[in-house]
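So you can see what is in the structure, the chains are spelled out below.
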Amino acid sequence: MDDNKENRTVIEAEVPMGTVHPGALEPYRLRLFVEDEIVRDAEMTVGVNHRGVERIMEGLPVEKANSLTEKICGICSNSHIWNSCRVGEIALGIEVPERAVYIRVIMGELERLHSHLLYLAHGSEVLGHETFAMRLFYIRETVMELLRMIGGNRVQYGSAVLGGVRPRCELDQMRIQKLSEGIELLKEKLNDFANRFVSDPLVMSRITGVGVTKPEDALRLACSGPTLRATGVEMDLRTGMYEYDSFEFDVITQDDGDVKSQLLTRVFENFESIKIIQQAIRNLPDGPITNRSWEMQDTPITKSYIEVPRGTLYHSYALEDGRVRNSVIRTPSMANIGAMQYSAIGHHITDAQLCIVQCDPCFTCTDRAIQIIKR
Amino acid sequence: MSLKSYSRGRAVHVMLVYTGGCNGCDIEIVNCILSPKFDAEQYKVFLTWNPREADVLVVTGPVTKYNEQPLREIYKAIPEPKAVVAAGACALMGGVYKNCHGDIPSEEISGPVDQIIPVDAKVPGCAVRPQDVVAGLVSALPLLLNAD
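Line by line, the protein sequences are chains A and B.
Residue numbering for the first sequence follows the working numbering, beginning at 1 and increasing consecutively.
Residue numbering for the second sequence follows the working numbering, beginning at 1001 and increasing consecutively.
Bear in mind the hints are in silico, worked out from the structure with no lab data behind them.
Check each hint, because a few of them may be wrong.
Here are some chain B residues the structure puts well away from chain A; computed CB gaps all over 10 Å [said to hold, decoys possible]:
id : residue
1  : L1003
2  : K1004
3  : S1005
4  : L1016
5  : V1017
6  : L1034
7  : P1036
8  : V1045
9  : E1080
10 : M1093
11 : I1117
12 : V1138
Below, a list of computed lysine to aspartate or glutamate pairs in the EDC-like style, where the Cα atoms sit at most 20 Å apart [what the hints assert, rightly or not]:
id : chain 1 : residue 1 : chain 2 : residue 2
13 : A       : K275      : A       : E216
14 : B       : K1037     : A       : D41
15 : B       : K1098     : A       : D200
16 : B       : K1044     : A       : E125
17 : B       : K1037     : A       : E54
18 : B       : K1044     : A       : E130
Output of the computed footprint for chain B on chain A, the stretches with three or more beta carbons under 8 Å from beta carbons of chain B [said to hold, decoys possible]:
id : segment
19 : 72–81
20 : 134–143
Note that beta-carbon positions come from the ideal geometry of N, C-alpha and C, so glycine has one too.
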């Protein structure tokens, strides 16, 4: 009886979205359980996009498999190839020349810049502020030109190969000159944008207090990267990576965990990336960019974690006769799905899309074969 | 040119469908319409996510099995006259996913786009360059403008 009574008083409606929906750019399925236009529960399903790069990697020569990981994601393509090569280097004990490490760091930070700018543009568009979105796309174009200059392509520009970087990505005097000029220009543009952004009362009042994730919940949901740092937890894998040993940078954190903190974390991280690139250009060591003196051998499963624009990226594989076995890839957006569902709960249904976008989703690299272990 | 075509040519709406690519092409296409550098909007080309107001359908990615049916439905929902542009190596011939589970179409990938819906223009590249996308869109426009 009591149950029936409750059913009469509570009116709950389900709003299904997806897999292809005008409100969501990428294919994923979202179910919102709504009561009086307030989201009570959210459920997100991925899997539509699954292609299975790990399966194609199985049995490929390790060099080929590394370049294949680039195709997992069109946004953080360099990070995937970097981490995949890093697995091979750790497994085979290859020492990477210092100059190659610096070039990898420059590419990684340029990628972080373009990813964060894309995130901010996407966020502004979801906010309904198309002027900001267009302006950010305009700023991002500077980074894309630099990436095209170094990597040779606007999107798939991965620089790493086993033991160093591709010869194409060597930085000569002219490129260094162009890079430092581009970075100066970018800094100026970003400064202008950041001033404009934080002093806009309309945007700030729209995003303050929306989609709050508490730090303890973010840790419980195993979030990573800027999504975690925006809730006030100071965790950045770059502080522990040997590549970043010789660079000075701050780990950006924000206190509130709402959309404002998420956006501002990315805005301030851009300046840290610029700082790292400027240091790298200033101290770029001379020497070779690839180490070719290494021998192939069979290795057990080796793991590698790096910090990519969206969070923690995990790659692991074993080598058998120069071929890749048991490849496992875990992408950062996979970890942040929990935060996407969680932060939408308790807010108005019009904010649901914003709550999802604030966690920087990338559903194409999220669709991996996963096994959930309940503990 | 009739009045209908005249007005249609001044508001071309492009719908973009992701069918399992790597996001690279998708962002380049959004970039070529929204970003002030390429700015297809100045030629009255607009991006939409609603099939019922779209004129041109841009498809990226090797169509995964779960995306096959939605893609057909979207194609059906677009009012006549319509044009379809397949963008990127995956949409044209499967790209790196071609041999994912044997040759395409396979148990996971229904791919390439022209096996599922008729394609009018093809834009090659991995990832596509925004300049090429603009060229592809322009080459599909006569289909819309000479329809009636």
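Problem set entry | Given as non-interface: S1005/B, partner chain A, CB spacing beyond 10 Å | holds, 26 Å
Problem set entry | Status of the stated non-contact between V1045/B and chain A (beta carbon gap over 10 Å) | Consistent with the label, V1045/B stays out of reach of chain A, its closest Cβ about 15 Å off (over 10 Å).
Problem set entry | Pair hint K1044/B and E130/A, alpha-carbon separation not exceeding 20 Å | Cα-Cα ~16 Å, so holds.
Exercise. When you check the alpha-carbon spacing of K1044/B and E125/A, does it fall within 20 Å?
Worked result: holds, 19 Å
Exercise. Given as covered by chain B, does the segment 134–143 of chain A meet the bar of three residues or more with CB within less than 8 Å?
Worked result: Holds, because 6 residues of the segment 134–143 of chain A bring their Cβ atoms closer than 8 Å to Cβ atoms of chain B.
Exercise. Per the coverage rule (Cβ-Cβ under 8 Å, at least three residues), is the segment 72–81 of chain A covered by chain B?
Worked result: holds (count 5)
Exercise. Holds or violated: K275/A with E216/A, Cα cutoff 20 Å?
Worked result: At roughly 31 Å apart (the allowed maximum being 20 Å), E216/A and K275/A break the hint.
Exercise. Regarding the assertion that L1034/B does not contact chain A, is the least Cβ-Cβ distance greater than 10 Å?
Worked result: violated, 5 Å
Problem set entry | Closest CB of chain A to the CB of L1003/B still more than 10 Å away | holds, 29 Å
Problem set entry | Non-interface claim for M1093/B, where every Cβ of chain A lies beyond 10 Å | Fine: 14 Å to the nearest Cβ keeps M1093/B off the interface.
For this session: Please settle this one: P1036/B was flagged as non-interface, so is its CB more than 10 Å from every CB on chain A?
Result: violated, 5 Å
Exercise. Would the least Cβ to Cβ distance between E1080/B and chain A come out above 10 Å?
Worked result: holds, 20 Å
Hint compliance for this structure: hints 4, 5, 6, 7, 13, 14, 15, 17 are not met, and every other hint is.
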